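Undergrad: Protein chains in written order, with my numbering: chain A, 189 to 287; chain B, 189 to 287; chain C, 189 to 287; chain D, 189 to 287; chain E, 189 to 287.
Since the hints were derived computationally from the structure, they do not count as laboratory data.
Predicted model only: the values in this text are computed from it and were never measured.
Some clues are possibly wrong.
[To be verified] If you only want the chain E side, here are some residues facing chain C, beta carbon under 10 Å, derived:
1. LYS211
2. THR235
3. GLY241
4. CYS247
5. LEU277
6. LYS279
7. VAL281
8. GLY285
9. ALA286
Beta carbons: idealized from backbone N, C-alpha and C, even for Gly.
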Amino acid sequence: MQLAKIIGSVVSTRKCDRLEGMKLLVAIPIDMDTFEEKGSPFVTVDTVGAGEGEIVMWCGGSSSRATEMTTNKPVDATIIGIVDNVDILGKRVFTKGAL
Amino acid sequence: MQLAKIIGSVVSTRKCDRLEGMKLLVAIPIDMDTFEEKGSPFVTVDTVGAGEGEIVMWCGGSSSRATEMTTNKPVDATIIGIVDNVDILGKRVFTKGAL
Amino acid sequence: MQLAKIIGSVVSTRKCDRLEGMKLLVAIPIDMDTFEEKGSPFVTVDTVGAGEGEIVMWCGGSSSRATEMTTNKPVDATIIGIVDNVDILGKRVFTKGAL
Amino acid sequence: MQLAKIIGSVVSTRKCDRLEGMKLLVAIPIDMDTFEEKGSPFVTVDTVGAGEGEIVMWCGGSSSRATEMTTNKPVDATIIGIVDNVDILGKRVFTKGAL
Amino acid sequence: MQLAKIIGSVVSTRKCDRLEGMKLLVAIPIDMDTFEEKGSPFVTVDTVGAGEGEIVMWCGGSSSRATEMTTNKPVDATIIGIVDNVDILGKRVFTKGAL
Chain A
189 MQLAKIIGSV VSTRKCDRLE GMKLLVAIPI DMDTFEEKGS PFVTVDTVGA
239 GEGEIVMWCG GSSSRATEMT TNKPVDATII GIVDNVDILG KRVFTKGAL
Chain B
189 MQLAKIIGSV VSTRKCDRLE GMKLLVAIPI DMDTFEEKGS PFVTVDTVGA
239 GEGEIVMWCG GSSSRATEMT TNKPVDATII GIVDNVDILG KRVFTKGAL
Chain C
189 MQLAKIIGSV VSTRKCDRLE GMKLLVAIPI DMDTFEEKGS PFVTVDTVGA
239 GEGEIVMWCG GSSSRATEMT TNKPVDATII GIVDNVDILG KRVFTKGAL
Chain D
189 MQLAKIIGSV VSTRKCDRLE GMKLLVAIPI DMDTFEEKGS PFVTVDTVGA
239 GEGEIVMWCG GSSSRATEMT TNKPVDATII GIVDNVDILG KRVFTKGAL
Chain E
189 MQLAKIIGSV VSTRKCDRLE GMKLLVAIPI DMDTFEEKGS PFVTVDTVGA
239 GEGEIVMWCG GSSSRATEMT TNKPVDATII GIVDNVDILG KRVFTKGAL
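Only chain A is shown next, with the shape it has when bound in the complex (with noise of 0.2 Å):
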């Protein structure tokens, strides 16, 4: 799994059925060496109320259908959790709200 932070949303009219009420949002990698951005921001699906600003974890491939929410849904990028903290080498890296 991967860190992302959200930074927007997706809308689309046009959609495969499947879709219908998901959330769309658009997060930007993080990097967990240096908390910073890093990479292309991408498409994901929440499944757990996460916020623009927050930093969340993802998992991507056929994983991210195994959540009750992206059963059987054509997505390859779901947000399953809001993450509080991160430590590394014993030290707290990452606290809620500091990014």
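Here the structure of chain A is known, so what remains is to put chains B, C, D and E in place on it, guided by the hints.
TA: Same frame as chain A, now just chains B, C, D and E:
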């Protein structure tokens, strides 16, 4: 999921039976930082009636088979929606027809 | 899906039983910007009777098992069609036999 | 599969139900040429009781759900073993505890 | 599928039960342009009795579980054949034992 722009089409007569009747489009990735084309074109299967010039959302891997039209098909990139708007940090950065 | 050109073949006698009788071809990626070879060759399994020099469409990952011939086979790159034409922005950029 | 070194942990309170009780660790890839860290840290789920500083073997994609603990879970990187030794070209290049 | 050369092995005592008895080999990618080593070594599971120095064909992702030996196992890279010959553009570029 990622965004891409439809730029063309592919015709294949001698192909896997399961692809019979599927519309094969050429898409080019759209970077959501700049909303410019970035990367190499690829072939994708259309499930929403996308047309040339439209910005679409697509998914890859096994999830590209998770639509009614693509179930059990040998496809690894499926268009799952036509993008109307993208908002990033409270600003509308893309509106359908603008690219 | 991606395009590739068939450039060779692989013979493996001691192999997984499920691969028995499958035609293993060497393909090289074709970039759809330039229609030139780009990247490293890879091994792919043929399901459509492709021959050396032909431009084919292939799919990867679990979708490469979604053909009659490759169901339950340990393959991660399958040729699913021989390309006749590619049109980009209203121009025919590739016709079978041209490369 | 790849090797990685456990360097930390992630806490997420608001998360997908199916992740309840899973240990989320931060790992950094270990290059098997040099046995040094290489690349960006990522989040992985522990199934073998790995601890900080240990070199582990992990697998990704759908295979990361192929353990008793991770079946049907939205995880795409799972620790599947703690590495005791690695031999390359007849030489022991890694022994547990050495890194 | 890709080619790789077997260069070593990994021992892991504390591991996922489902890996019990599996032979874990270290392989290094072989570029089919030059037939030289290219890229970083990785861990793969053997299903064909490959030995050090042999050039093998392997597959990744979910397809690496599509052999009798690896069904439902948490593996994402499986050796599926020992390569005898590779022909490119009508020339034999590799014969078993030559590398």
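Undergrad: Now tell me if each hint is right for this structure.
TA: Status of the hints after comparison with the structure:
1. LYS211: Since the shortest Cβ distance to chain C is 14 Å, the answer is violated.
2. THR235: 6 Å, holds
3. GLY241: 15 Å, violated
4. CYS247: Holds. Min distance 4 Å.
5. LEU277: Since the shortest Cβ distance to chain C is 6 Å, the answer is holds.
6. LYS279: 8 Å, holds
7. VAL281: Nearest chain C Cβ about 8 Å off; hint holds.
8. GLY285: Violated: closest Cβ of chain C sits about 13 Å from GLY285/E, beyond 10 Å.
9. ALA286: With Cβ-Cβ at 14 Å, over 10 Å, it is violated.
Hint violations for this structure: numbers 1, 3, 8, 9, all remaining hints satisfied.
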